[in-house]
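Chemist: Read off the chains here:
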Amino acid sequence: MEGELAHIGAGLAAIGSGAAAIGVGNVAGNFLAGALRNPSAAASQTATLFIGIAFAEALGIFAFLVSLLLMFAV
Amino acid sequence: MATETHGDEGGLVFHPMDQFIIKPLFGGGALPGDGSGGGTGVGLFTITNSTFWMFLAIVCVVLLMVVGTSKRAIVPSRSQSIAELAYGFVYKMVEDVAGKEGLKYFPYIMTLFLFIVFANFLGLIPTSFTTTSHFAVTVVLAMAVFLTVTILGFVKNGAGFLSLFWVASAPLALRPILAVIELISYFVRPVSHSIRLAGNVMAGHAVIKVFAGFAAIAAISPLSVVAITAMYGLEVLVSFIQAYVFTILTCVYLKDALHPHH
Numbered sequence: 000m001e002g003e004l005a006h007i008g009a010g011l012a013a014i015g016s017g018a019a020a021i022g023v024g025n026v027a028g029n030f031l032a033g034a035l036r037n038p039s040a041a042a043s044q045t046a047t048l049f050i051g052i053a054f055a056e057a058l059g060i061f062a063f064l065v066s067l068l069l070m071f072a073v
Numbered sequence: 000m001a002t003e004t005h006g007d008e009g010g011l012v013f014h015p016m017d018q019f020i021i022k023p024l025f026g027g028g029a030l031p032g033d034g035s036g037g038g039t040g041v042g043l044f045t046i047t048n049s050t051f052w053m054f055l056a057i058v059c060v061v062l063l064m065v066v067g068t069s070k071r072a073i074v075p076s077r078s079q080s081i082a083e084l085a086y087g088f089v090y091k092m093v094e095d096v097a098g099k100e101g102l103k104y105f106p107y108i109m110t111l112f113l114f115i116v117f118a119n120f121l122g123l124i125p126t127s128f129t130t131t132s133h134f135a136v137t138v139v140l141a142m143a144v145f146l147t148v149t150i151l152g153f154v155k156n157g158a159g160f161l162s163l164f165w166v167a168s169a170p171l172a173l174r175p176i177l178a179v180i181e182l183i184s185y186f187v188r189p190v191s192h193s194i195r196l197a198g199n200v201m202a203g204h205a206v207i208k209v210f211a212g213f214a215a216i217a218a219i220s221p222l223s224v225v226a227i228t229a230m231y232g233l234e235v236l237v238s239f240i241q242a243y244v245f246t247i248l249t250c251v252y253l254k255d256a257l258h259p260h261h
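The listed protein sequences derive, respectively, from chains A and B. Mapping to numbering that gives the first Met the number 0: the first sequence position 32 is 31, numbers consecutive. Mapping to numbering that gives the first Met the number 0: the second sequence position 73 is 72, numbers consecutive.
If we strip away everything but chain B, and leave its shape as in the complex, we get (with noise of 0.2 Å):
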């Protein structure tokens, strides 16, 4: 990917992809995997910023969650009534979408949307590092989310998940077809789950820094400052509307899988 040496060819003096370069917090660019020359210094466990950022979306939700809601006050304060209307938001989401049932698995999904939104809002820190922004991470949870699901499926409805396939609705002879195009949508779900909260946070930020290397003409053109303003807000929107679709989708592949009759 970009390299951090740019400003030479006369181009931007930043390039809009360094920030998304990951780095080992502690100790030098040595290589701990191969013995060659030309690596980054990252190994399978090394700590990088995108641990120490990862980690420190957990300590917000623990404070948010824990914290924030260890007084039980009748009259909530400023974080425990935040705590309150995230449950409730995500509550309600779960019932709506997944069903009365769907609420068993309420707690796990409720853990995926504090997560996903507490990394969006801290990657929204000027310097700081958005692990959402990098596929490797998206990729696990909505790995995880597709095993969790399919491995439901089967154990609730049997082979009877099968039937999610099986459009009994259709005519005879376009159920074969329309079984392939099924299974082949299944299959892709996790692919496009995880790509599009990426996808949507790289971009986001990719753009906000574009806009930023507008600011340098401010002297010029004040109205770049309030452009990266108005971006930043979209960006604000952007990431909370993101962790809200991620986790909606999971409501409704949960429904799949406990209802898989159409």
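This is chain A alone, in the form it adopts within the complex (with noise of 0.2 Å):
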């Protein structure tokens, strides 16, 4: 019984990969809107990009973290 709840909890725990998700293409929708808005500033942003879709990302990472914990750990 033990064992199946923690599959449920993993199963839920990758929600939180479609969160991320939500958040990384926030990130790249706004540069994008933000380059095309002014291209000249654009190239000099690209580092910042890729800073901020990494924050984002890695919660989603945690969260897949927390779903192989579930699975193989528990």
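Any given hint might turn out to be false.
Distance ranges between label pairs, derived from CB positions [claimed, not checked]:
1) A:LEU4 to B:LYS155: 47 to 53 Å
2) B:PRO170 to A:ALA34: 20 to 26 Å
3) A:THR45 to B:THR228: 24 to 30 Å
4) B:SER78 to A:ILE7: 37 to 43 Å
5) B:LYS155 to A:ALA34: 33 to 39 Å
Far from chain A, by Cβ distances over 10 Å, these chain B residues were calculated [what the hints assert, rightly or not]:
6) VAL138
7) GLY157
8) ALA167
9) ALA202
10) ILE240
11) TYR243
12) LEU248
If the Cβ cut is set under 7 Å, some of the chain B residues that face chain A in the computed set are [what the hints assert, rightly or not]:
13) ARG188
14) GLY198
15) SER220
16) VAL244
17) ILE247
FYI, nobody ran anything at the bench for these hints, they're computed from the structure. Backbone N, C-alpha and C define an ideal beta-carbon position, used for all residues, glycine too.
Each of the two chains sits in its own frame; use the hints to bring them together as a complex.
Modeler: Written out as structure tokens, the structure reads:
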């Protein structure tokens, strides 16, 4: 029974991946919106873009990690 | 973690996480550690497939940077121009993010970048082993960065490094609360730094393996071959971007250590 509950929890933790997808989409979309308004400033901000994407994505990876722990370690 | 016996329960014949099992290269499954049964044969100094692929990554870096550039041609060969591109890319990144003072630490950051990029790319070779998908590897890399940056900050600024946590631009009443938050976020850095790399690489490889399972029905649906090809292409991109992100975050942390004042 406990193992089955852990699998349900792992599935619930996978929702976090979708939330991270929304976050990454927000970052990239806003960057594109800004870049199309002022293309000359876009090239200097790509590093910031990747840092922002990395921070948004990290939390989704944490959710993935939680589901991995529930699948294999609990 | 996952074991090698699957399929009898009617699921996948192979498990997507099986590719991450660490096996000893030499010798059998005897256990060098404790006396009781049930070991995997991996001790503290056992040469495993992880050790082998990490070594191969270092060999590749040496081949590219030392052998590839040994001719020093005016018109560069292919390997030399790749080496020059990589050098220029990381150099510009360090200069842009960490500033001129950060360039002193460029060799360390270049080493990190090349090792991670080659470990990621070697892991993409089918049936190979991805060292950066293991937290044991990335945590060591991230802890090295964390300790380097912390010690460097105290050596360069003395106690002034602590002003990193004391946000001078905030209202005085808020500063103690902000200091606690800043302190927590500072110590979470190595955790997120390492888990980001290992988690991305591990997730990507597990997904590739799942799509490889779909390719078993390629005779019925040829689309599955297209799907795994697309997934593989995405993983090549992710491998590079994660190495880039790891390196650029190192530069950001370095900048914080060199200029702790907000």
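Chemist: Is 33 to 39 Å a correct range for the gap between the Cβ atoms of LYS155 of chain B and ALA34 of chain A?
Modeler: 35 Å, holds
Chemist: Say whether it holds or is violated: ALA167 of chain B keeps its Cβ farther than 10 Å from all Cβ of chain A.
Modeler: It holds; ALA167 of chain B is separated from chain A by about 23 Å at its closest Cβ, greater than 10 Å.
Chemist: Take the shortest C-beta to C-beta distance between GLY198 of chain B and chain A; is it under 7 Å?
Modeler: This hint holds: GLY198 of chain B lies near chain A, its Cβ roughly 4 Å from the closest one there, short of 7 Å.
Chemist: Just tell me: holds or violated, for the beta carbon distance of THR45 of chain A and THR228 of chain B against 24 to 30 Å?
Modeler: 27 Å, holds
Chemist: Using the nearest Cβ pair, does VAL244 of chain B come within less than 7 Å of chain A?
Modeler: 4 Å, holds
Chemist: Falls inside 47 to 53 Å, the C-beta gap from LEU4 of chain A to LYS155 of chain B?
Modeler: About 51 Å separates the Cβ atoms of LEU4 of chain A and LYS155 of chain B, which means 47 to 53 Å holds.
Chemist: Please verify that the nearest CB of chain A lies beyond 10 Å from LEU248 of chain B's CB.
Modeler: 7 Å, violated
Chemist: Just double-check ILE240 of chain B for me: nearest Cβ-Cβ distance to chain A has to come out over 10 Å.
Modeler: Per Cβ check, ILE240 of chain B is inside 10 Å of chain A; nearest 7 Å; violated.
Chemist: Regarding the assertion that ALA202 of chain B does not contact chain A, is the least Cβ-Cβ distance greater than 10 Å?
Modeler: Violated, because the least Cβ-Cβ distance between ALA202 of chain B and chain A comes to about 6 Å, which does not exceed 10 Å.
Chemist: Is 20 to 26 Å right for how far apart the beta carbons of PRO170 of chain B and ALA34 of chain A are?
Modeler: 34 Å, violated
Chemist: Beyond 10 Å from every chain A Cβ: check whether that's true for TYR243 of chain B.
Modeler: With a cut-off of 10 Å, TYR243 of chain B comes too close to chain A, as the shortest Cβ separation is near 6 Å.
Chemist: Starting from the range 37 to 43 Å, see whether the pair SER78 of chain B and ILE7 of chain A falls in it by beta-carbon distance.
Modeler: 52 Å, violated
In this structure, the hints that do not hold are numbers 2, 4, 9, 10, 11, 12, 13 and 15, in rising order.
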